Amino acid sequence: MPIAYAPTTVPVVVDDVKCIADKGCTVCVDVCPLDVLRISDLTGKAYMKYDECWYCMPCETDCPTGAVTVNIPYLLR
Amino acid sequence: MDEIKQGLSEIECDVLVIGGGTAGPMAAYKAKRRNPKARVVLLEKANVKRSGAIAMGMDGLNNAVVPGFATPEQYTKEITIANDGICDQAPVYKYASRCFDVIQELDSFGIKFQKTENGDFDVKKVHHLGSYVLPMPNGETVKKALYRQLRREKVLISNRYMATRLLTAKDGRIAGVIAVNTRSAEFLVLRAKTVILCTGAAGRLGLPQSGYLWGTYENATNSGDGYAMAYHAGAGLANIECYQINPLIKDYNGPACAYVAGPFGAYTANSEGNRFIECDYWSGQMMQEFYNELQSGKGPVFLKLNHLHSDTVGQIEAVLHKVERPSRGRFHENRGTNYREKMIEMHISEIGLCSGHSASGVFVDEFARTTVTGLYSAGDMASVPHNYMLGAFTNGAVAGEHAVDFAAEVDVPDYDRDDVVREQERVLAPTQRDDGIPPNQLEYKARRLVNDYLQPPKVTAKMQIGQARLAEVRDDLDNAMVVRDSHELMRALEVSSILDCADMAAYASLFRTESRWGLYHNRVDYPEKNEEDWFCHSILSKRDGRMTAEKRAVEPYLVPIDESERDAYDRQRIRQHA
Ligand SMILES: Cc1cc2nc3c(=O)[nH]c(=O)nc-3n(C[C@H](O)[C@H](O)[C@H](O)COP(=O)(O)OP(=O)(O)OC[C@H]3O[C@@H](n4cnc5c(N)ncnc54)[C@H](O)[C@@H]3O)c2cc1C
Ligand code: SF4
Ligand code: SF4
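From first to last, the protein sequence lines stand for chains A and B. Residue numbers for the first sequence follow the working numbering, so the first one is 277 and each next one is one higher. Residue numbers for the second sequence follow the working numbering, so the first one is 115 and each next one is one higher.
Read the hints as simulated data drawn from the structure, not as lab findings. One thing to keep in mind: the hints can contain errors.
[What the hints assert, rightly or not] Straight-line Cα separation of at most 27 Å, DSSO-like style, residue types lysine-lysine; simulated pairs:
1. B:K436 to B:K229
2. B:K229 to B:K151
3. A:K325 to B:K559
4. B:K119 to A:K325
5. A:K294 to B:K436
6. A:K299 to A:K321
7. B:K151 to B:K119
8. A:K299 to B:K258
9. B:K119 to A:K321
10. B:K151 to B:K239
11. B:K258 to B:K226
12. B:K229 to B:K239
13. B:K436 to B:K239
14. B:K258 to A:K294
15. B:K576 to B:K656
Since the model is a prediction, treat every value here as computed from it, not as a measurement.
Given the sequences, and given the hints that come with them, work out the whole structure.
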């Protein structure tokens, strides 16, 4: 049986202008307990790859440039 | 990152701590302090810097035994009564006697505890009988302070490794663990003289009402792997039927919050704005009254703060919206709910297994020893009831010290290489399929079945249907699950732990044919407490490849409980006014 993707709006957003992942930063990826953030090969910026967020906020708190915003996942809003 | 690679390495150590949340770092730190020559490794599925229940910090100590406010005897008594008598008091008493030293040690790490103007600890009364709650004004610094100590002591840290199965020697002694890298699927065998399991609660068992898999009360990394590993290694697990269920804000997984808002005058109310429980301290008996009110015409249940002065609410918000669950303010902002204006709707959480808040855990004695030689456990997953954060620290310390002493006297046991081969096959099986069911669907279904059939009130026939349906999911897990990258592989392994925990929850619940611990083990077809037959622990374990359960006597009390005090926690409901 083929696997389909179910689209979801992810709670964590990264401001590409502020993100300095292209200068080597990986802080948010490193600290996330659920390990759901990655640096995009395409844009060189951090993004939420897996929609498995505990909305706990280390990513936002520890980001050196204030690029990350954690929103409440839609199902809970 | 995330592609599946082949690889197998092996390392050796004296003390291996699994889980770097709260209990784990303290265990590793204490082991290393006691014997600086020992090789101590801390293995963590996430990153020790920001992992576990205290990833962002903690609002306060829920169970501090501070001289001048309470004695170890009083605390031991309170917890024994709160836990409906089923309590080996030695580990509780030990915790109560040692925890003040741990508070002072945490203080020396830079973690502050609230003091009054006179310089005394500002302990609050939340429990039914005594005063044990101590706020932490800089609670957001806990994890950082702990991490600094680990670096200073040069504890070896392995992040992003998920432990999957314990290794045992021929004589049954613990020999180490097998772990999988969550970003590459490479294997690591860690041989060890002693292992301390600190992997937290089984928090991803029930499905939150919202349907969001990750909206759990517990840090969602805690999928019950430690319970599953202990079980497969042959350790006994105590009172698994005594579930964890917590009162939370509806749709938001933050505590709601007896310990923070209660001391300021907030309380749990029904839709008429009236109190209905005497005491907001979390116990199964309290949860039963909460549940009854939810189901009644006076439901739902609310957190009431709107009678308080706006500045007081501001003080409460400064804690609730900043420290342990800092996204809470955003949740309320989105909903347009303000504590000052209206009562805030509450609900009960999904079910989990946890001793930190309840009493379901891997059986341990007062030295944090499990029933497997060389295997220790501390924190939420070890059977010391209601031990919360300070219990995780204190019992972590107990475990670390005992384990490092034990390690000094023994060799690294040998293990069977075939066990590793078999585990590699089990772990990688879903990566060999091109087609099948992804782990998230299996997880959703398993946890939905947990809600439908295993959640209290527990009904025998329903639980049996639940067992049969969960067996179908396990069959799919074994034969049809497909995994495409190493991240998904971690999720797949977690589903396997979740299924193990669900099986244990059902089995243990069916074993105990009485009702006890209020809502936690409310068996509708055995509605009464039966002291004659069931004043005992239930111990679940794996024997000859099968799940079994047996009774184990409660150790004679060190602190006697008077007949008249025994049911103090049964009197939770406020008497109706005429
Ligand atoms: C939201 C919330 C609020 C709380 N508030 C309070 C409070 O105010 N006061 C209080 O006293 N207590 C509070 N508690 C309880 C307290 O935080 C816990 O009892 C305590 O922190 C548990 O510690 P632990 O070490 O057992 O688990 P955790 O701190 O959760 O650590 C478990 C660790 O194990 C890791 N792990 C899991 N599986 C594996 C695996 N297979 N391999 C490797 N690593 C693994 C996890 O990533 C995690 O880091 C709260 C708990 C929660 C969830
Ligand atoms: S921490 Fe901030 S700057 Fe660094 S990679 Fe993440 S978003 Fe970018
Ligand atoms: S909020 Fe927590 S779980 Fe979500 S991306 Fe940030 S660190 Fe990860």
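Right, here's what the structure says about each hint:
With a C-alpha separation of about 20 Å, the suggested pair K436 of chain B and K229 of chain B falls inside the 27 Å cut-off, and the hint holds. Taking the CA atoms of K229 of chain B and K151 of chain B, the gap is about 38 Å. The hint is violated against a cut of 27 Å. For the hint pairing K325 of chain A with K559 of chain B, the CA-to-CA distance comes to about 23 Å; that is within 27 Å, so the pair holds. The hinted pair formed by K119 of chain B and K325 of chain A meets the criterion: a straight-line CA distance of about 20 Å does not exceed 27 Å.
Straight-line distance between C-alpha atoms of K294 of chain A and K436 of chain B comes to about 24 Å, which keeps the hinted pair within the 27 Å bound. Between K299 of chain A and K321 of chain A the alpha-carbon distance is near 10 Å, which keeps this suggested pair within the 27 Å criterion. A C-alpha spacing of about 34 Å is found between K151 of chain B and K119 of chain B, which places the hinted pair above 27 Å, so the restraint is violated. A distance of roughly 25 Å separates the Cα atoms of K299 of chain A and K258 of chain B; the hinted pair therefore holds under the 27 Å criterion.
With a CA separation close to 25 Å, the supplied pair K119 of chain B and K321 of chain A stays within the 27 Å bound. Between K151 of chain B and K239 of chain B the alpha-carbon distance is near 43 Å, which puts this suggested pair outside the 27 Å criterion. Among the hinted pairs, K258 of chain B with K226 of chain B is consistent with the structure: their alpha-carbon atoms are about 13 Å apart, no more than 27 Å. The hinted pair formed by K229 of chain B and K239 of chain B meets the criterion: a straight-line CA distance of about 15 Å does not exceed 27 Å.
Distance check on the hinted pair: K436 of chain B and K239 of chain B sit about 23 Å apart at the alpha-carbon level, within 27 Å; holds. This hinted pair checks out: K258 of chain B and K294 of chain A have alpha carbons roughly 25 Å apart, not beyond 27 Å. Using a Cα cut-off of 27 Å, the hinted pair K576 of chain B and K656 of chain B holds, with the two alpha carbons roughly 24 Å apart.
Of the numbered hints listed earlier, those contradicted by the structure are 2, 7, 10.
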